Amino acid sequence: MSFIEVSNISKTYKISKRKSGVPGMLANLFVPKYENKEAVKNVSFSIEKGEMVGFVGPNGAGKSTTIKMLSGILYPDTGEINVSGLIPYKQRKEYVSRIGVVFGQKSQLQWDLPVIDSFELLKAIYSIPDDVYKKNLDRYMEMLDMDKFIKQPVRQLSLGQRMRADIAAALLHSPEIVFFDEPTIGVDVVGKDAIRNFIKDLNAEDGVTMIFTTHDMQDIEKTCNRLVIISEGSKIYDGTLDGVRKLHGSSRQLDVYFMNDSEVAEIPDVEIVEVDKRHSQFIFDGKKVHINDLMSHLLGTYNVKDINISEPDIESIIRKIYSREKVAG
Amino acid sequence: MRLSAYYAYAKKQFLSRSAYRFDHLMGILSTCLQFFIFYEIYRTLYGSKESVDGITMSMITTNFVLSLGLSAIFSPNDYFVPGRIWDGSISTELLRPMSFKGRMIAENVGDACFNLIFKFIPVLLIAIFTTGMEKPAGIGNMILFLISAILGYGVLWTISFLVQMTAFWLINIWSLITIKDVFVNVLSGMMIPLWFMPDWMAGVIKFTPFASIYFTPVQIYLGQLSISEIVFKCGVQLFWTVIIYALGNVLWNKGQKKLVVQGG
Ligand SMILES: Nc1ncnc2c1ncn2[C@@H]1O[C@H](COP(=O)(O)OP(=O)(O)OP(=O)(O)O)[C@@H](O)[C@H]1O
Ligand SMILES: [Mg+2]
Chain A
362 MSFIEVSNIS KTYKISKRKS GVPGMLANLF VPKYENKEAV KNVSFSIEKG
412 EMVGFVGPNG AGKSTTIKML SGILYPDTGE INVSGLIPYK QRKEYVSRIG
462 VVFGQKSQLQ WDLPVIDSFE LLKAIYSIPD DVYKKNLDRY MEMLDMDKFI
512 KQPVRQLSLG QRMRADIAAA LLHSPEIVFF DEPTIGVDVV GKDAIRNFIK
562 DLNAEDGVTM IFTTHDMQDI EKTCNRLVII SEGSKIYDGT LDGVRKLHGS
612 SRQLDVYFMN DSEVAEIPDV EIVEVDKRHS QFIFDGKKVH INDLMSHLLG
662 TYNVKDINIS EPDIESIIRK IYSREKVAG
Chain B
3 MRLSAYYAYA KKQFLSRSAY RFDHLMGILS TCLQFFIFYE IYRTLYGSKE
53 SVDGITMSMI TTNFVLSLGL SAIFSPNDYF VPGRIWDGSI STELLRPMSF
103 KGRMIAENVG DACFNLIFKF IPVLLIAIFT TGMEKPAGIG NMILFLISAI
153 LGYGVLWTIS FLVQMTAFWL INIWSLITIK DVFVNVLSGM MIPLWFMPDW
203 MAGVIKFTPF ASIYFTPVQI YLGQLSISEI VFKCGVQLFW TVIIYALGNV
253 LWNKGQKKLV VQGG
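Those sequence lines, one after another, are chains A and B.
Taking this note's numbering, the leading residue of the first sequence gets 362, the next gets one more, and so forth.
Taking this note's numbering, the leading residue of the second sequence gets 3, the next gets one more, and so forth.
Hints in this document: simulated from the structure, not taken from any laboratory.
Only a predicted model underlies this, so the values are computations on that prediction, with no experimental measurement involved.
Among the hints, a few may not be true.
No farther apart than 25 Å at their CA atoms in a straight line, the calculated lysine-lysine pairs in the DSS-like style are these [unchecked claim]: (1) A:454 to B:13; (2) B:260 to A:394; (3) B:256 to A:375; (4) A:467 to B:259; (5) A:398 to B:13; (6) B:256 to A:394.
With the Cβ distance kept under 10 Å, some of the chain B side facing chain A (calculated, not the full set) [to be verified]: (7) 101; (8) 119; (9) 132; (10) 262.
Where chain A lies over chain B, by a calculated footprint (3+ residues, C-beta under 8 Å) [to be verified]: (11) 11–20; (12) 244–250.
No residue lacks a Cβ here, since even glycine has one placed at the ideal position from N, Cα and C.
I would like the entire structure built from these sequences, with the hints used as guidance.
Right, here's the structure in full:
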């Protein structure tokens, strides 16, 4: 039995379908109409102690919903979650003292209070012993470079500062497991680096088990070795980062920039990803498609400004996986 | 149970309330204003009469000082749960290793302490020096008044708790809270002392939880009740607290299961 066992969890949201206008409102009042939204469908996975797992997937894929179930806030409709013998949503109080959660989009700090006061409050809430609190605080202060804003009220912090404070807050009580839901959202390049290094250090040194979601593939590349891809509520990939690359082994990527807005027509055996109207990526297997043929076809058909050949980076592989899912779904 | 955590929340609330000085000045002002308006209305109604149905003007004044004062102290935050469900921050609360209800009460106790010191006492002093009021009927009455006031708080808090729990289903319960406030304000005797309600109405109100919030402590303070009546009425307060809490708790347990955290 693994440290974290998730078996066949599903979650459906009930969305009330609002009609607009006064008649619609009245109709709603008397005959409410609901639509079911299956946010998570039959997802299973297991995670060992000390692992670091990245969850990616397009908007609305069900990542946050999964994190909320894992952290005990939401009850799954069906299926089970077991974390070292505890059921998060049932043994909530006991469970949450052992985990830390960061929601990038939502601060858990006291809006009105200086950051340090929020930390003191958390110290009382989690009964953190003085020495542990001091040790952790000093360490996080340094690693996340917080001394400049620690005395400022949270509402006066910049997004990146707030995020760092939120991350430190979630880790003050030395949790065994940490869930991050988009911890780098809206943070600048330097800030992102600081956060990634922090996460990596904590995982390496303290063996903290970590799960995080992100839209930034660099987050994954720099921190995780395991990747879970979720799309439309289902798990579509679970394995190493290299595994994803290997799936596209001998593939090549041709980035083509057009002079003017161009509609690209299909080409046999070539996967086309339209980045924008003037930039498309052509991903193909070097063994099946001859690069010369492809190039001359493109140069002959379109008004090309620039071309760049590379091995597909992880970002475009993922993009390709997403877009294929959308077609299939 | 880790009491220090609850204490920390009470203290935090007390301190963060202190940060808004203007707000609490306005709070004192509005309580005073309500008091003087009621006072003037009843003084006009009384005219030169010494007492009506055995109720003196000074007893009326006392009723208003105490019930408005207690209501200023208690003021449970009706938007605690609905607000957190509305903006999704209930998730933060559920991530803390403590009882959510305990934390709700802790924060409200912090509020109550603040209101006691910075609202009730100023208003009490203002009333004593302007309109005057009855002294407690005796030391015993004073002590029983305090006990009954705390029980009254229990009734009021659980009513608020019960109403708030409906937010799990209704999300927006603003109108429900308004209705609850009307019931509490009218039926508790805060606006029209229950002495003056028609007999049939008083007979009905007697059986509602509302009458036991402020009116029971006031009656004890004024020495209007015999010992056996006091025991009975405090028992009624306790009864309502337990019953309403139990109902609210059923909703709380169900609500958690169907909680949908907003925002993602
Ligand atoms: N409170 C809610 N009520 C109704 N539907 C919801 C609610 N929260 C999420 N959903 C729906 O469930 C699906 C999954 O949402 P979720 O927030 O888990 O996605 P996500 O993978 O975190 O997306 P993103 O990358 O945009 O954060 C979406 O289709 C969303 O519309
Ligand atoms: Mg999300």
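Do the hints match the structure? See the list:
{"no.": "1", "hint": "A:454 to B:13", "in the structure": "holds, 22 Å"}
{"no.": "2", "hint": "B:260 to A:394", "in the structure": "holds, 18 Å"}
{"no.": "3", "hint": "B:256 to A:375", "in the structure": "holds, 16 Å"}
{"no.": "4", "hint": "A:467 to B:259", "in the structure": "holds, 22 Å"}
{"no.": "5", "hint": "A:398 to B:13", "in the structure": "violated, 42 Å"}
{"no.": "6", "hint": "B:256 to A:394", "in the structure": "holds, 22 Å"}
{"no.": "7", "hint": "101", "in the structure": "holds, 7 Å"}
{"no.": "8", "hint": "119", "in the structure": "violated, 20 Å"}
{"no.": "9", "hint": "132", "in the structure": "violated, 35 Å"}
{"no.": "10", "hint": "262", "in the structure": "holds, 6 Å"}
{"no.": "11", "hint": "11–20", "in the structure": "holds (count 3)"}
{"no.": "12", "hint": "244–250", "in the structure": "violated (count 0)"}
Hint violations for this structure: numbers 5, 8, 9 and 12, all remaining hints satisfied.
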